[in-house]
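Single-letter residue listing:
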Amino acid sequence: MKQITATGENVEEAVQSALEELQTSRDQVEIEVVDEGKKGFFGMFGAKPAIVKATLARNPVQDAETFIKEVAEQMGAPVEITTDVNDRDVHMELTGNKIALLIGKRGQTLNALQYLTQLTMNRETDRFYTVILDAENYRARRKETLENLASRLAEKASRTKQNVKLEPMPSYERKIIHTALQSSRQVETFSDGHEPKRSVVIKPAK
Amino acid sequence: MKALIETIVTPLVDHPDDVEVAVKEENHKQVYHLTVNEDDVGKVIGKNGRIAKAIRTVVYAAASDSEKRVYLDIM
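Chains as they are written, first to last, in the working numbering: chain A, 1 to 206; chain B, 1 to 75.
It should be emphasised that the hints constitute simulated quantities derived from the structure, not laboratory data. Just so we're clear, the structure is a prediction, and the values are computed from it rather than from any experiment. Note that CB positions come from ideal geometry on N, CA and C, so glycine has one too. You may find that some hints are simply not true.
Computed footprint of chain A on chain B, listed as stretches where at least three residues anywhere in the stretch have a Cβ under 8 Å from a Cβ of chain A [unchecked claim]: (1) 21-35; (2) 49-59; (3) 62-71.
Calculated lysine to aspartate or glutamate pairs in the EDC-like style (CA-CA distance at most 20 Å, straight line) [unchecked claim]: (4) A:98 x A:136; (5) A:98 x B:65; (6) B:2 x A:70; (7) A:98 x A:70.
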């Protein structure tokens with residue numbers, strides 16, 4: 001978070017100089033008065049400058065929304081966003097006419113956008129936010145697909161008694177597979193390889 | 001397309017003024033060349049090129065309608 005200290009003859013001037021330095025307006029910062037300063041006699045004796053601390057107030061969630069809207073618009077697929085913030089988990093639902101363009105093949109565009117949004121959001125904050133972007137219930141549908149895939153491949157692994165390696169997936173998709181097969185007695189799961197090519201392996205239980 | 005690349009990259013870097021995108025037209029492709037401040041190179045490439053990959057994914061998706069093939073060069 002960006003924070004500066006500024007001085008001036010009185011509080012008002014100190015605030016002004018802080019705003020100039022941060023190149024922003026009054027409603028974007030939080031001001032903390034460190035010292036109100038003293039005028040002194042005839043501005044000569046005992047004069048003390050006023051000191052204020054100005055913190056640039058950022059709203060990461062709002063930044064993220066603006067970011068997505070601008071990017072989507074320039075991609076030719078403008079969106080509306082419904083945001084749900086739960087502590088550090090931010091869930092954003094995108095709606096628009098050309099949403100398929102934003103999802104991409106196997107959600108790769110949505111995932112890329114999600115990653116970039118998360119970077120943008122966390123660049124200037126002390127708190128780390130996790131962002132999930134969703135569109136047309138894509139995540140829920142994908143979860144169902146992955147769970148079906150998991151049970152099908154688990155069956156294959158235990159039938160052939162060989163490890164089955166899935167294609168590389170982002171961590172939250174791998175987690176869906178692990179979770180889906182956690183209670184299975186026929187197979188065990190683990191992840192292999194390095195990001196971004198890390199993938200789930202389903203191994204028949206001994 | 002140029003504006004899109006700038007919109008994506010600018011919030012990621014410390015020196016937004018140094019973000020530059022040059023366009024080069026070739027026969028069957030359009031090459032966009034992105035340059036950023038030296039200190040910011042890592043911020044647009046990322047570990048194992050993860051950020052660069054994400055930027056390309058979004059840019060190429062946006063270019064899926066265009067007739068010419070689009071490439072994005074970084075640095």
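Quick rundown of the hints versus the structure:
Counting residues of the segment 21-35 of chain B whose CB falls under 8 Å from any CB of chain A gives 0; the rule of at least 3 is not met. With 7 residues having a Cβ less than 8 Å from any Cβ of chain A, the segment 49-59 of chain B passes the three-residue criterion, so the hint holds. Counting residues of the segment 62-71 of chain B whose beta-carbon sits less than 8 Å from any beta-carbon of chain A gives 3, enough to reach three: the coverage restraint holds. With a CA separation close to 11 Å, the supplied pair residue 98 of chain A and residue 136 of chain A stays within the 20 Å bound.
The suggested pairing of residue 98 of chain A with residue 65 of chain B holds, with an alpha-carbon distance near 12 Å, which does not exceed 20 Å. The straight-line distance between the Cα atoms of residue 2 of chain B and residue 70 of chain A is roughly 13 Å, inside the 20 Å bound, and the hint therefore holds. As the CA atoms of residue 98 of chain A and residue 70 of chain A are separated by approximately 15 Å, the hinted pair is consistent with the 20 Å bound.
Checked against the numbered hints listed earlier, the structure breaks hint 1 alone; every other hint is satisfied.
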